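A.B. asks: Here's the letter readout for the chains.
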Amino acid sequence: MSTLAHVFEDAGIATIVLASMADVAKKVGPPRVLACEFPLGRPLGKPGDAAFQHQVLRQAFNLLEADEPIFEHFPEVVESDEMPMACSLPPRDDPNAPPAVDEARGLISAYRRAVERKGVTAVGRAIEPEQIPAALDTLHQWAQGAAWKDVELPGKNTVAVCHDIRAYYLEAALELVGDLAPGSRSFDAWFYEVTEAGKTILEARRSLKTQEAPFPFWFYMVAGHLE
Amino acid sequence: MTEDRAATRGDDAMRVLASTMDAPEFTSTSFNKLGKPLAECRVAIVTSASLHRPDQDRFVQGDTGFRAFDRDDRNLIMGHWSPNFDHSGFQLDLNVVYPIDRLQELADDGVIGEVAPRHFAFAGNQPDTVSEIRLDTGPQCAVQLNADAVDVVLLTPV
Chain A
1182 MSTLAHVFED AGIATIVLAS MADVAKKVGP PRVLACEFPL GRPLGKPGDA AFQHQVLRQA
1242 FNLLEADEPI FEHFPEVVES DEMPMACSLP PRDDPNAPPA VDEARGLISA YRRAVERKGV
1302 TAVGRAIEPE QIPAALDTLH QWAQGAAWKD VELPGKNTVA VCHDIRAYYL EAALELVGDL
1362 APGSRSFDAW FYEVTEAGKT ILEARRSLKT QEAPFPFWFY MVAGHLE
Chain B
1090 MTEDRAATRG DDAMRVLAST MDAPEFTSTS FNKLGKPLAE CRVAIVTSAS LHRPDQDRFV
1150 QGDTGFRAFD RDDRNLIMGH WSPNFDHSGF QLDLNVVYPI DRLQELADDG VIGEVAPRHF
1210 AFAGNQPDTV SEIRLDTGPQ CAVQLNADAV DVVLLTPV
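First to last, the protein sequences are chains A and B. With the first letter of the first sequence counted as 1, position 11 gets the number 1192 in the numbering used here; the numbers rise by one all the way through. With the first letter of the second sequence counted as 1, position 125 gets the number 1214 in the numbering used here; the numbers rise by one all the way through.
It is worth saying that the hints were derived from the structure and are not from the lab. Watch out, some of these pointers could steer you wrong.
What the hints assert, rightly or not - With a cut-off of at most 27 Å between alpha-carbon atoms, the simulated DSS-like pairs for lysine-lysine come out as follows:
no., chain 1, residue 1, chain 2, residue 2
1, A, K1208, B, K1122
2, A, K1330, A, K1390
3, A, K1380, A, K1390
4, B, K1122, A, K1207
5, A, K1380, A, K1337
6, A, K1390, A, K1337
In this text, all values refer to a predicted model and were calculated from it rather than measured experimentally.
Using the sequences plus the hints, can you model the full thing?
C.D. replies: What follows is the structure, encoded as structure tokens:
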């Protein structure tokens, strides 16, 4: 973002950067920066809070008054919330299916309602929603020690498939919790700590690492700080 | 108590990592002072959230290009490839990433002159040097912003 600010200024356009990472913005040095210590992925700080978003924008646009490059901090810090969100999961239906597969099948109605309501879905990078259980079945087998070269993953691209599974759960979960909007990391905490799908992805990733699968094949399946 | 749990401290970890990575260096800083009041300026948003409409090409891994969308588009997908940050905020309210409704309210209130007709998204996860964006796709986007007579760009990072 800070690099683009330089490029646009070179082309004669005034720019303002809302910086999530103050240290990086300082290094790159674009002319107008409002450094905001908000959860990553939420550059305006608080979803659903128009008044707060306007406070951020007001201070950002005020930077245009300065006669020289300027770097300010937004005074309010928004902490990330890392406690798992409260969201009920479907009960076991098919005792013969791996838990993650059964769980994902049980969420399809909530997922479909979410897509119906929003008219758009992030699922579909590598697989369609109907393939989520099959993908989790492969990940379950990998987690149990099956060789990744012997059991093919629908969609093939592990990183894209994991994005699809996470998006499927996110859209379904937000539909289930309604107005109880999760904090910034509450969904991830719930997904990786509570759901069978998230736990299966983490286990499959550990197994791929043990099997010495290529690094990009497993590392980027989840956030880098997760084990 | 949270330090023992697997999913904690993600933002801290990312900020520490980012602060240790190489960043592109600029020997000079261009600086354009507005030649007219903000209330007469046309404002565009450029985000690195990899936003795209369903009918547009998805961002691929390592994508250095950008997507343009109309100011009325709200059916946007966040196609970012990094698993390292929260996606739920955008799902709840796209304005927390792409404050297009807030911008329209500022235009309605006369704070800014006008919301630009088009807005743009790049992918936030780029090689450290970002040379493609700096030398190729960034300038291409600037041409389009100038074609739309944009005076001010608000950059929102993801």
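A.B. asks: Compare the structure with the hints numbered earlier in the document and write down the numbers of the violated ones, lowest to highest.
C.D. replies: none
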